[in-house]
Amino acid sequence: MPFDPSDMDDLRLVTLAQLSKAGAWQLELAHDRAEHLLIWITRGQGVALIDGARRGIGTHNTLFIPARNLMAIEMMRNGFGQALLIPDTAALTLPRMVQHLRIRDVTAQNELTVLFEAMGREQNAARPLHHSAMHAYGELMAIWLRRHLPDDPAPQQSAARRLVMAYCERIVHDHANSTSMADHAEALGVTPTHLTRVCRAETGRTAAALLTERQLHAAQQLLISTDVPVQDIARHLGFGSAAYFTRFIQQHTQKTPTALRRMAKPAA
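If you're matching positions, the sequence shown starts at 1 in this note's numbering and goes up one per residue.
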């Protein structure tokens, strides 16, 4: 068989529904991911938290979200989209910044749809050299994306947007410790009241809610995807005790950590 290493920064194609198969919270809570996401929405509408702002998204919208950027996506019930998961070590020529493109040209829409369909066939058939083929299609998608970036440089960000983006970056890196929203505000040189007001205006969420959502997402993800003891998860995420962690989970999910873990396990 031709040499086709399976560890060559594998790309993976999934639907948005598959990204939230354990529950809507997997996409709808503010979180960040270890890989880049290239998302192509082909049906329906929704709302996304990206680049420190709340944005409406819809049919024939493309989102590129680099790894470790705070994000959340909420699609309406009839919505459909696909996401290409790209390891941050993959040698693709990708943009460095978050991108949100509304593709109105039919030819451009068809080009990207064809690339996603071809990627899906390679992934599902798993023929010889399919890893290499998927990487090649991934590079074609990256070229398509770069071709459709706006010619004009991005407009100057407002002071409010820059503040929210800085806060989101801090949440990504510091959610797994005991840093409070007030601590973040102090580090950013503003009052908690000002940070809360600006976050609500830009994202539709308060500053405290953004931090809570990121902590809750991390907690639930660890509970459903690992067998790490609850007390160790609590310690890892900066909670003072397992009891405090349990109260936090119950307050936001109405279930205990153990119940959440049990519900996520497939039936025997």
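Derived by calculation from the structure, the hints in this document are not laboratory data.
There may be inaccurate statements among the hints.
What the hints assert, rightly or not - DSSO-like cross-link-like pairs, simulated, lysine-lysine; straight-line CA separation at most 27 Å:
1. K265 with K21
2. K21 with K255
3. K265 with K255
As the list claims (entries may be wrong) - Taking CB as the label site, the calculated pair distances span:
4. Q109 with G204: 23 to 33 Å
5. Q45 with G240: 26 to 36 Å
6. T191 with H252: 17 to 27 Å
7. V228 with R197: 32 to 42 Å
A virtual CB, placed ideally from N, CA and C, is assigned to each residue, including glycine.
Hint-by-hint comparison with the structure:
Annotation: proposed proximity of K265 to K21 holds, straight-line Cα distance about 12 Å (limit 27 Å). A threshold of 27 Å between alpha carbons decides the hint, and for K21 with K255 the separation of about 18 Å falls inside it, so the pair holds. Simply put, K265 and K255 have alpha-carbon atoms about 15 Å apart, close enough for the 27 Å limit, and the pair holds. Range check, Q109 to G204: about 29 Å between beta-carbon atoms, so the 23 to 33 Å window is met.
Restraint check, Q45 to G240: a C-beta distance of roughly 41 Å breaks the suggested window 26 to 36 Å. Separation of T191 from H252 is about 26 Å and conforms to the stated range, judged on CB atoms against 17 to 27 Å. Separated by about 37 Å at the C-beta atoms, V228 and R197 satisfy the suggested range of 32 to 42 Å.
This entry does not satisfy hint 5, going by the numbered hints stated previously; all others are met.
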